[in-house]
Each structure stands twice: as structure tokens, then as C-alpha cells.
Amino acid sequence: EAAVTQSPRNKVAVTGGKVTLSCNQTNNHNNMYWYRQDTGHGLRLIHYSYGAGSTEKGDIPDGYKASRPSQENFSLILELATPSQTSVYFCASGDTLGQDTQYFGPGTRLLVL
Amino acid sequence: QQKVQQSPESLSVPEGGMASFNCTSSDRNFQYFWWYRQHSGEGPKALMSIFSDGDKKEGRFTAHLNKASLHVSLHIRDSQPSDSALYFCAASFANTRKLIFGLGTTLQVQP
Numbered sequence: 001e002a003a004v005t006q007s008p009r010n011k012v013a014v015t016g017g018k019v020t021l022s023c024n025q026t027n028n029h030n031n032m033y034w035y036r037q038d039t040g041h042g043l044r045l046i047h048y049s050y051g052a053g054s055t056e057k058g059d060i061p062d063g064y065k066a067s068r069p070s071q072e073n074f075s076l077i078l079e080l081a082t083p084s085q086t087s088v089y090f091c092a093s094g095d096t097l098g099q100d101t102q103y104f105g106p107g108t109r110l111l112v113l
Numbered sequence: 001q002q003k004v005q006q007s008p009e010s011l012s013v014p015e016g017g018m019a020s021f022n023c024t025s026s027d028r029n030f031q032y033f034w035w036y037r038q039h040s041g042e043g044p045k046a047l048m049s050i051f052s053d054g055d056k057k058e059g060r061f062t063a064h065l066n067k068a069s070l071h072v073s074l075h076i077r078d079s080q081p082s083d084s085a086l087y088f089c090a091a092s093f094a095n096t097r098k099l100i101f102g103l104g105t106t107l108q109v110q111p
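Same order as they appear, the protein sequences are chains A and B.
Each residue of the first sequence is one higher than the one before, counting from 1 in our numbering.
Each residue of the second sequence is one higher than the one before, counting from 1 in our numbering.
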């Protein structure tokens, strides 16, 4: 099974600070995704990537940037964190256009004070 | 409006019982469907995919898809306490790698 790891697992940040969430996958999947999960909203797609050097906006990209420096790594960046970005963030990887079973990491719990 | 709607919001079944989940999509262009399960404190994990009309069975799990009625369901027979989790339906279009998730159904299996 696909292995996706995330760091840190828990993070407390201050409003206006910069936060970087990291994701690593070891299965050579082309596609990687960042989601946030909130009660009442389910899983929502923030950014995704088709491969190294590419990033695409998902459904809720405002306030977030993404970086895919290599096949294995995909980062989510909050340049100016706000309390509304307090959430649980999941990274996922997958492959194959149209039949993309996604494999999720364990999540990062972010609290912005 | 949520494009993928799930029901019920929560479900409680006795150990050994049948758990049934429903999912209705509002977009006829969805082509592929998945069921994911998320245990507390963990990331979601894919349970089953179903892309064609009809039933698909994997062990204790059976998925059913009816594209004409935009309905997909999941049934778990012989439910176990370890099946207690949040269950998501997800759908995608033919030419995209993006998944649209429902809000989930919480299952509690009572020992």
C-alpha cells in the first residue's frame, strides 16, 4: 500500500505567521493533493499537483500556496496564517487519470491562535 | 449545494448486523465513485471503487452503482466493532483527477 507521511503532525501557529506543512510519498505517484477537513464541510481540495514543478488550484486555494519540488515531496504554505485556517490537513497521492484511488497521509492538526 | 450527498449522517448497528450507506450525486457527469473510511485520528483509506452499474463485492463489503439515478450505496455485512468509523463517498469526472467528497456517515457498531 502507498506510504504517505506528513510533518509536523501537530502545529500551533500565531496569526500572521508563516506555516509550512510537508508531505512525502514513496510510491512514485505522479499526483499529489492537499485537503483540509472541517466539521460540516468534509474534505475540501486546496491544491494539487500532476508532477514535479506543477501545482494547480483546487476548490479552496485562497490563502494557501503549494510547492512540488520533486516527485516525492509536496508542501502546503500558509504565508500569513489566520485563525480560519485552523483545521486538520491531509496530503494524498495517487495515479492514473480518471481512476485515481488516492492514498492519504495521517494528517496535520493545525491551530492558529 | 453539496454535489455529493450522503445519508444517513450517523448510523448505529449491532455487532454482526448489516450497515448500509447511501450517496447521491447531483451531477450526471460523475463517472467514477469510491468509498473511503476514516478511523478516528487517522487519514481516510480507500475501501472500494466502483465505475460500472451494478454490484461489486469485496469480502464483507458490497457497493452498488446506478448511474441513471445518480445513486451509489455501500453495505457492510457482519459488522464488527472495528468497522466503527466515518465513511465517505467520493466521485470524480472522467477527465479529472479531482475527487469530490460527501460529508460522511458516522458508523457505530455496538458490541
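Source of the hints: derived by calculation from the structure; they are not laboratory data.
Nothing here was measured: the structure is a model prediction, and the numbers come from that model.
We put the CB at the ideal spot given by N, CA and C, even for glycine.
Careful: at least some of the hints might be erroneous.
[To be verified] Quick partial rundown of chain A residues pointing at chain B, CB under 10 Å, derived from the structure:
1) 33
2) 40
3) 41
4) 58
5) 61
6) 62
7) 64
8) 79
9) 90
10) 105
Now for the hints, and whether the structure bears them out:
Because the closest C-beta pair between residue 33 of chain A and chain B is about 8 Å apart, less than 10 Å, the hint holds. With a cut of 10 Å, the hint placing residue 40 of chain A at the interface with chain B holds, because the nearest CB-to-CB distance is about 7 Å. For the restraint placing residue 41 of chain A at the interface with chain B, the shortest Cβ-Cβ distance is roughly 7 Å, inside the 10 Å limit, so the hint holds. Checking residue 58 of chain A against chain B: minimum C-beta separation of about 7 Å stays under 10 Å; hint holds.
Of the supplied interface hints, the one on residue 61 of chain A is violated, with its beta-carbon coming no nearer than about 12 Å to a beta-carbon of chain B, more than 10 Å. Proximity of residue 62 of chain A to chain B is violated relative to the hint, the smallest CB-CB distance being about 17 Å (cut-off 10 Å). For residue 64 of chain A, the suggested interface contact is broken, since its CB lies about 16 Å from the closest CB of chain B, more than 10 Å. The interface hint given for residue 79 of chain A is violated, since its Cβ lies 24 Å from the closest Cβ of chain B, which is over the 10 Å cut-off.
With its C-beta approaching chain B no nearer than about 5 Å, residue 90 of chain A sits inside the 10 Å limit, and its interface hint holds. Given hint, residue 105 of chain A at the interface with chain B, holds; its Cβ is 5 Å from that chain's nearest Cβ, closer than 10 Å.
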